[in-house]
Amino acid sequence: MSKVTTRVGTRKLNQNQAVAAVASASVAAAVSSASASVSSVAAAAGVAGAAAAGAGSAAGLPSSVSPALSFQVTARCSTTKARVSRLVLPHSTVDTPVFMPVGTQGTMKGLTSEQVESLGCQLILGNTYHLGTRPGPALLQQLGGLHKFMNWNRSLLTDSGGFQMVSLLALAEITEEGVRFQSPHDGSMLMLTPEKSMELQNVIGADIMMQLDDVVSSLISGPRVVEAMHRSIRWLDRCIEAHSAPHKQSLFAIIQGGLDNNLRTQCVAEMVKRDLPGYAIGGLSGGEQKDPFWRVVDHCTNLLPENKPRYLMGVGYAVDLVVCSALGVDMFDCVFPTRTARFGTALVFEGSLPLKHRKYANDFAPIEADCTCSTCQNYTRAYLHSIVTREEVSCHLVSIHNIAFQMRLMRGIRQAIELDQFPAFVHRFFAAQFPDRNFPQWAIDALRAVNIDLAPGSAPSSTSEAMPEPMQQN
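Residues in the sequence shown are numbered consecutively from 1, following full-length UniProt numbering.
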């Protein structure tokens with residue numbers, strides 16, 4: 001494996017040099033072992049494409065090693081920018097493209113940690129702002145971090161709290177020092193600076209922690225967007241300096257710049273100079289039109305290092321996941337699967353099922369016939385219709401299915417890329433989501449930019465009988 005040493009705050013690494021060196025070697029060995037396992041399994045299955053991908057660095061695929069993270073691209077789509085990678089973190093190994101469910105306050109609404117783990121989730125997201133106000137750093141430190149507090153054995157990523165600048169703007173005041181919030185819980189004031197964000201995230205103990213960035217609405221332009229982009233770079237340097245545990249927690253930068261690709265270019269250029277373990281594309285999914293959305297994503301993935309993970313923040317619709325995977329994104333998060341469950345909507349390969357609708361009152365089929373989640377194995381649409389939005393257990397049951405759906409979708413994406421059948425997968429996915437072939441124009445344009453044409457008659461034929469269905473089970 002070719003190693004690219006990642007600098008996460010030079011001063012801090014110097015202070016922890018011996019520990020970091022041992023950690024890097026351990027993570028690198030884990031990646032090597034994982035890649036070897038993928039190769040042997042793929043070879044045994046007779047899947048030549050996956051076997052070649054499993055060879056990893058032997059095939060010249062990008063990789064990087066930092067003190068608390070290793071990233072190895074294991075397969076690439078020959079048509080698009082889609083790729084499969086192995087992300088080794090202190091608490092688990094994560095296959096990407098990956099969707100991360102959101103447990104804002106250390107819990108997934110309606111689900112236990114054991115249930116989330118049983119659904120195949122390797123990495124979930126928590127929010128520093130909310131965790132910093134409740135349960136608070138003192139309690140988390142006493143218990144040894146969020147993993148132990150919520151009984152979660154796999155990896156965690158924490159957002160810095162910057163998103164609250166937009167979502168709680170009426171309660172926030174932004175200055176060069178940081179963000180002053182009024183707690184929605186008790187009305188008290190909290191000053192969140194880059195240093196405080198790092199302090200809180202070090203106590204939380206997430207495997208991946210995000211810098212505090214200056215987040216502005218994607219619907220505005222002009223001087224405020226320019227200011228936010230430059231401030232995010234300055235705050236990144238303060239985060240790097242304040243990060244006290246680079247040997248066990250990886251700090252990601254967040255690219256800002258609104259819908260202006262020139263600003264995005266400037267931001268990427270500066271942040272890449274810091275050579276961090278990974279990079280996120282922030283400031284999107286805030287109500288902007290889909291056409292500028294995908295163009296910013298495509299622009300950023302063209303500029304970001306190939307040997308580092310790329311995280312698109314706040315994206316979770318199925319169509320978005322498929323398109324943005326084609327554009328080269330590795331990581332996604334969103335509250336959508338559990339939030340829509342609370343309104344009685346189940347996610348399915350053909351789109352969604354509004355279970356409140358009267359037509360499901362006598363429908364004794366499961367949500368999806370081929371889904372193996374406990375909800376689909378034990379309950380009918382009719383039962384869910386009878387309790388949805390009226391009984392709390394309905395949110396629990398639909399959330400289980402919706403997260404299972406997201407995991408299956410991402411698994412299907414990865415399998416198709418490994419078999420180099422991703423364009424065929426995309427065609428089958430869109431045909432199911434839009435049976436009338438009324439595809440969104442933005443998706444047509446985005447996929448055309450990476451050589452997939454959704455026009456009638458353009459679907460590629462599969463060259464492998466082993467090509468997975470878009471929602472194939474393990």
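Bear in mind the hints are in silico, worked out from the structure with no lab data behind them. For each residue, glycine too, the CB sits at the ideal point set by N, CA and C. Check before you lean on any hint, since a few could be wrong.
What the hints assert, rightly or not - Restricting the straight-line Cα-Cα distance to at most 27 Å, the calculated cross-link-like pairs of lysine-lysine (DSSO-like) are:
1. K290 to K81
2. K273 to K248
3. K196 to K148
4. K148 to K248
5. K356 to K109
6. K109 to K148
7. K248 to K81
8. K248 to K196
Stated by the list, open to error - So the derived label-pair ranges between C-beta atoms look like this:
9. E241 to S386: 55 to 61 Å
10. A382 to S118: 22 to 28 Å
11. D453 to Q182: 30 to 36 Å
12. A449 to Q182: 24 to 30 Å
13. S78 to E391: 45 to 51 Å
14. Q182 to F343: 49 to 55 Å
15. S386 to K148: 19 to 25 Å
16. A432 to N362: 38 to 44 Å
17. H91 to Q377: 24 to 30 Å
18. Q182 to E227: 40 to 46 Å
19. S78 to S188: 51 to 57 Å
20. P460 to G136: 51 to 57 Å
Right, here's what the structure says about each hint:
1. K290 to K81: Distance ~19 Å between K290 and K81 Cα, so the pair holds.
2. K273 to K248: Given pair K273, K248 holds - Cα atoms ~22 Å apart, limit 27 Å.
3. K196 to K148: Satisfied, since the Cα-Cα distance of roughly 22 Å is no more than 27 Å.
4. K148 to K248: OK: K148 and K248 at ~16 Å, within 27 Å.
5. K356 to K109: With Cα atoms ~20 Å apart, K356 and K109 stay inside 27 Å; holds.
6. K109 to K148: holds (18 Å)
7. K248 to K81: Violated, because 30 Å separates the two Cα atoms, which is more than 27 Å.
8. K248 to K196: Holds: K248 and K196 sit about 18 Å apart, inside 27 Å.
9. E241 to S386: 55 to 61 Å: holds (57 Å)
10. A382 to S118: 22 to 28 Å: holds (25 Å)
11. D453 to Q182: 30 to 36 Å: Between D453 and Q182, where Cβ atoms are some 51 Å apart, the hint is violated.
12. A449 to Q182: 24 to 30 Å: With a Cβ separation near 43 Å, A449 and Q182 fall outside 24 to 30 Å, so the hint is violated.
13. S78 to E391: 45 to 51 Å: Given a distance of about 49 Å, which is inside 45 to 51 Å, the answer is holds.
14. Q182 to F343: 49 to 55 Å: Check failed, 28 Å falls outside 49 to 55 Å.
15. S386 to K148: 19 to 25 Å: violated (39 Å)
16. A432 to N362: 38 to 44 Å: For N362 against A432, whose Cβ atoms are near 25 Å apart, the range 38 to 44 Å is violated.
17. H91 to Q377: 24 to 30 Å: Hint holds: Cβ distance 29 Å, inside 24 to 30 Å.
18. Q182 to E227: 40 to 46 Å: violated (23 Å)
19. S78 to S188: 51 to 57 Å: The hint (51 to 57 Å, Cβ to Cβ) holds, given that S78 and S188 are roughly 55 Å apart.
20. P460 to G136: 51 to 57 Å: The hint (51 to 57 Å, Cβ to Cβ) holds, given that P460 and G136 are roughly 54 Å apart.
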